[in-house]
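Take a look at the letters that make up each chain.
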Amino acid sequence: MAYKNYCLVCAGTGCHANTGEEIYQELVKKARDLGVEKDVQVVKTGCFGFCEKGPIVKILPEEAFYVHVKPSDAEELIKEHIIKGRMVNRLLYKEDDKKTDTQGKIDDIKFYQKQLRIVLRNCGFINPEDIEEYIGREGYQALAKALTDMTPDQIVEEIKKSGLRGRGGAGFPTWMKWNFSKQSSSDVKYVVCNADEGDPGAYMDRSTIEGDPHSIIEAMTIAAKAIGASQGFVYIRAEYQLAVQRLEIATKQAREYGVLGKDIFGTGFDFDLEIRLGAGAFVCGEETALLASIEGERGIPKPRPPFPAVKGLWGKPTVINNVETYACVPMIILKGGEWFASIGTEKSKGTKVFALTGKIKNSGLVEVPMGTTLRDIIFAIGGGIKDGKKFKAVQTGGPSGGVLTTEKLDTPIDFDNLVAAGSMMGSGGMIVMDEEDCIVDIVRFYLDFSVDESCGKCSPCRIGGRKILNILDKIAEGKGEMDDIKKIKEISEAMKRSSLCALGQTTPNPALSLINFFYDELLAHIQDKKCPAGKCKNLLSFSIVRNTCIGCGLCAKKCPVNAITAEDCEPLPGKKKPPFVIDGKKCIKCGECIAACKFKSVVKL
Amino acid sequence: MAITCKIDGIDVCVADGTSILNAAKEVGLKIPALCYHPDLDAWAACGICVVKMKGSPKLIRACAVPVENGKEYITRDAELVDARKAVLQLILSNHPNDCLLCGRSGNCELQTMAADFGIREQPFAENFEPLERDESTTSLVLNPEKCIKCGRCVLVCQKLQGVYALEFIGRGEKTRLAPAADVKLADSPCIKCGQCSAHCPVGAIYEKDETAKVFEALTNSEKHCVVQIAPAVRVALGEAFGLESGELLTGKMYAALRRLGFDKVFDTNFAADLTIMEEGTEFIHRFTQAPQELPLITSCCPAWVDYMEKYANDLIPNFSTCKSPQQMEGAMIKTYYAQKAGIDPKNIVVVSVMPCTAKKFEVQANDDMSSVLKGVQDVDIAITTRELARMIKQAGIDILSLKEEEVDPLLGTYTGAGTIFGVTGGVMEAALRTAVAKITGKELGKVELDAPRGMDGVKSAELDVGGKKVRIGVAHGMVNIEKVLNEVRAAKKAGKELPYHFIEVMACRGGCIGGGGQPHGATDEVRAKRTAGMYKDDEISKIRCSHNNPEILAAYKDFLVEPNSHKSHELLHRKYNKRPVYNK
Amino acid sequence: MSKLTLADLKKIRDEKNKEMTRRDADKEIQVVVGMGTCGIASGAKETFSAFIDELDKSHVNDVVVKQTGCMGFCSVEPTVRVIAPEMPDTIYNKVSAEVARRIVKEHIIGRKLVDDHVFDHPSRDILTQ
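For the protein sequence lines, the chains are A, B and C, in the order given. What the first sequence shows, in our numbering, is residues 3 to 607, in sequence order. What the second sequence shows, in our numbering, is residues 3 to 586, in sequence order. What the third sequence shows, in our numbering, is residues 760 to 888, in sequence order.
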């Protein structure tokens, strides 16, 4: 027989350090002492996020969410909640600005769950390879509605009402694209899905297709109805093997079930789509480059206007949206644009999926309403920084974005706020950095990426990115000059103004973030020739603290270049052997010695 | 539909689709640009031509963005000048600055722009990868290190010529100009037309310079140096000396060549007349007696022959077996002239001056090009108009002040029909002048034909020749030929009547006047002037039809016997070979 | 498969929805393994096989083991969701083959949650709101 209650104790590292284990033991003991061990199972769980509110205890099936629980609270929890069935109000989680019902109604205490899943609504529920499971969760109902009950104008109107903006980066209103295409007269029109996800650290599009491929097919078909297209393309990078495979299965099933192909639902409407594999060039995420690639040309951007919505694939009006944007569409049609618009901020509606990576405890995909603060995402959902380190900054918007510091943590995230804060939404990558990350180093990484991924067509981007990177390399090597900052600005300005596409226009953004938000750290590199985070090897020196070294020589054994030797002297007082010393000329700063020393005698300076 | 907008405060009314750059031209504004070329669709690579549109926060590319109704554009202000300068400095920081050692020094578009923008310093650290030159062909040199990735050559090669020999290899900063598939140019589909070199704004693609060889031959007292000049050279050479395009420089050119030390100055135009005799006869034969061998396709253009051997070799049987005028002239010099003058052909060096880089390839294309002496080319050295201009300058000859001189007789006198070989439709027109006269037995009253003339990529017409319908097709700009050939193929396959009986092909836009070896800066405007020069040369010619050229008649009487004779076939005709598009 | 009519679509929706959400009324248990790229990279295929194998060995019937997309917990993959009558709808993390066998023995047969592997739900389901 199952238990009446399940008592979940967060034993993630954060909470664990905060006596999670002790609480667990105490709860088990009290349940036994009070004779309810058959009624409640106490279980240690992974991190719930919310570590700063830890230790956290959650009791099922009521989903009571208790925070800041102390071992001494165990008895009360068992007595009140388990035995008497009354929630312990003083420990219940309360949203800072909202009052929690003292009765602890489930709905009220449930909103600690900061996530709201529209795009990822089916991930974790359905088998992506079974169309019937998708249908079981309202799948293709939106299409049925769009094909039978709605005119193209009404579809566009519903999208307009929803306030949906493109999730690929710039946040262009989706309905406008659809409307331009709808209004362009042409016998042939196309619907394209941009699944050429390329930002480092962003993989929500891959996950969406892997977990819910039919939602993309359904949305594209709805878009096709809206603009009057009968052919679609999904442009997806070839290395997304699983996504491609699931999409192939899904299109096949959709055709078999007649929700794709000729005469869908007997309405006379035809739409089919083809999957086109991209070779993984970042620039092919740029829409004109993507279309060129589908056409079989080199994936190189073209000047806009004309915009693809008017003159796109093979010169025909083409709606092109990314995966996440499409994934929102069926829900908008089904639940109404107003429902979608009720979520989010004034100018950015709905939710956004972020890929949390870097020095964060709960790395993974999160979907939150627009307007959620960075703090909530990083600390409440992401569980904060790994290994008890300090938060330093978060990079958003991929290589085109910027780096945001502590001051920006309480900014409600939406398209416009992120731009105002000096970054951008991009596709939703969020790379969290801790105090040991050097910002010069990180910016070099992004510049290196952009330089590598520049298509090479237009000179500001092709040449400018490399110039900035060279200057940053120079700074990291300790050869920086104050004039370099001016040069970075000049080149950045030239790239922003004169590059043909967004890749070139945004390549300097991380470097500008560095100058604008991390000026002190930059100056430390240039003037003091120091890397405060201890990352830039040329600005570091390794040395052994003489009076704590016991002369064991473990560091010397590990040193790959024999840079460490015993000092030619008598052992220091109280030591049996002479201390060791590092030859700075030989040292390659690999850090093996630091890892090897049990006495923390090797230090970076 | 007309579009009205304002550019720098001036009202402009242009056709829908006109770019900002071209609209600005209408009101006397020349927006600086490096990659844009009027022959090509805007590629928008360089980033120099940025302008502002009122109400738009971003700078836009004037070359590629069409003007919009009612919009206001700003093409010059402090910010734009600064933006252009910054991009220019970035480009310069990636470009070798050994201008003095560069073939384009003095007429390099990048150098000119740097001067115009008053660039006095280089704020950005210079870096560029050393890249190997490709000197694998006898026609062209690729120096990718100098390339600024403007894209003109690639677009010309792919979109205007349909050859796809050039491509950008690599991506981002590693992007470099190279033959497609990164093979050597000689192994690539390249047809050596040289349009890439004619369009290159800098010194990244240029003709292989053979002037030293010519000087050497001229200095060698044991060698008898004979020169021939192609039709289109005379209307473009003047450009290198500051004259207007299209100015006829025939007499002064003869004089300059004599000053350079040539022992005989002949004219390829003579051989053009000879070609008409041979090819005209060939056509009349096929048209009247062997219609299954129609259409007859011209073979004067070596780039076209190269293309055909690779891309259209199914039509080899339809090709005229006539050599090009350059090769006919060479063969005649080393036989007919050599005999008349009593000179051992071994000691004759034939130099040809051509508007064309493919001619350098043609002189040694196959054994038929060494028809006089085994292993010795009928034409020893082919130089381009650009090289001749340099030679004249190097020799310190003030060509403009020279008195006009006459060509040497025997292989120099030409007719108006011979000279129009230099322009698209000219071979067709010249051939028809003779063919009509031969078929009808009557001389034409008006020799000018309108149908083959003009700049349309494909021109076709049906002519009445002595009661018979002759359908002609004329294509120029290599990309246009495929359409014509496909019509022929389709008709043949379907067993239908041929769409054409006679097809003229020239690889370069406008014909040889727009050749890849002509002075830089050809646009349709320049081509029109050169074309006018060619037609003027025709008009002022006393004789307008090849079959009336007295030297031609003499050559047949004294030497060749008759058109398509055995001797003609030995010296003036050739074979073709199927060749792979890529050499392995 | 003949093409769906609107009525067919509704019928499939209703049947499938009932099947996917049935709890106490039905004895059927569902094991849903997260098999996105991240799950598979962390060994979800082995986890999947272990479930099949262990259920087989234990002679437990009426359990459906199926795959789903990534639930978002990429740092603690493989993740598995277990829906069983009278038990909380549970998400487990770091489900190695060994943990999978424990889930069969403890959760499915023993009706106890598996200690140390329970994870929180990412959010509420918007479709049942």
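By construction, these hints were calculated from the structure, which means they are not laboratory data. Some clues are possibly wrong.
[Said to hold, decoys possible] So these bits of chain B aren't anywhere near chain A, every CB distance computed over 10 Å:
1. Ala-46
2. Val-52
3. Met-457
[As the list claims (entries may be wrong)] With a cut-off of at most 20 Å between alpha-carbon atoms, the simulated SDA-like pairs for lysine to any residue come out as follows:
4. B:Lys-54 / A:Phe-309
5. B:Lys-56 / B:Ser-107
6. B:Lys-60 / A:Pro-305
7. A:Lys-498 / B:Pro-59
8. A:Lys-337 / C:Asp-773
9. B:Lys-186 / B:Pro-146
10. A:Lys-579 / A:Lys-539
11. A:Lys-313 / B:Lys-186
12. A:Lys-337 / C:Ile-842
13. B:Lys-395 / B:Lys-176
14. C:Lys-762 / C:Met-779
15. C:Lys-762 / C:His-818
16. A:Lys-491 / B:Lys-395
17. B:Lys-176 / A:Lys-491
18. C:Lys-775 / A:Glu-140
Where a beta carbon is used, it is the ideal one built from N, C-alpha and C, also for glycine.
Okay, the hints, checked on the actual structure:
1. Some Cβ of chain A comes within 10 Å of the Cβ of Ala-46 of chain B; the nearest lies about 5 Å off, and the non-interface call is violated.
2. Consistency note on Val-52 of chain B: stated as away from chain A, yet its beta-carbon is not over 10 Å from all of that chain's, at 5 Å minimum.
3. Here Met-457 of chain B stays apart from chain A, with its beta-carbon at least about 25 Å from theirs, past the 10 Å limit.
4. Distance check on the hinted pair: Lys-54 of chain B and Phe-309 of chain A sit about 18 Å apart at the alpha-carbon level, within 20 Å; holds.
5. Using a Cα cut-off of 20 Å, the hinted pair Lys-56 of chain B and Ser-107 of chain B is violated, with the two alpha carbons roughly 39 Å apart.
6. About 12 Å separates the Cα atoms of Lys-60 of chain B and Pro-305 of chain A, which keeps this hinted pair within 20 Å; it holds.
7. Between Lys-498 of chain A and Pro-59 of chain B, the direct Cα distance comes to roughly 11 Å. Compliance with the 20 Å bound is thereby established for this hinted pair.
8. The hinted pair formed by Lys-337 of chain A and Asp-773 of chain C meets the criterion: a straight-line CA distance of about 18 Å does not exceed 20 Å.
9. A C-alpha spacing of about 13 Å is found between Lys-186 of chain B and Pro-146 of chain B, which places the hinted pair at or below 20 Å, so the restraint holds.
10. Note on Lys-579 of chain A and Lys-539 of chain A: the hinted pairing is violated, with a Cα-Cα distance of about 30 Å set against a maximum of 20 Å.
11. The hinted pair formed by Lys-313 of chain A and Lys-186 of chain B fails the criterion: a straight-line CA distance of about 37 Å is larger than 20 Å.
12. At most 20 Å may separate the alpha-carbon atoms for a hinted pair to count; Lys-337 of chain A and Ile-842 of chain C exceed this at roughly 27 Å.
13. Of the supplied pair hints, the one linking Lys-395 of chain B and Lys-176 of chain B is violated, its CA atoms being roughly 38 Å apart against a limit of 20 Å.
14. For the proposed pair Lys-762 of chain C and Met-779 of chain C, the alpha carbon gap of about 23 Å is over 20 Å, so the pair is violated.
15. Only pairs whose Cα atoms come within 20 Å are accepted, and Lys-762 of chain C paired with His-818 of chain C is rejected, the gap being roughly 39 Å.
16. The hinted pair formed by Lys-491 of chain A and Lys-395 of chain B fails the criterion: a straight-line CA distance of about 47 Å is larger than 20 Å.
17. Straight-line distance between C-alpha atoms of Lys-176 of chain B and Lys-491 of chain A comes to about 24 Å, which puts the hinted pair past the 20 Å bound.
18. This hinted pair checks out: Lys-775 of chain C and Glu-140 of chain A have alpha carbons roughly 10 Å apart, not beyond 20 Å.
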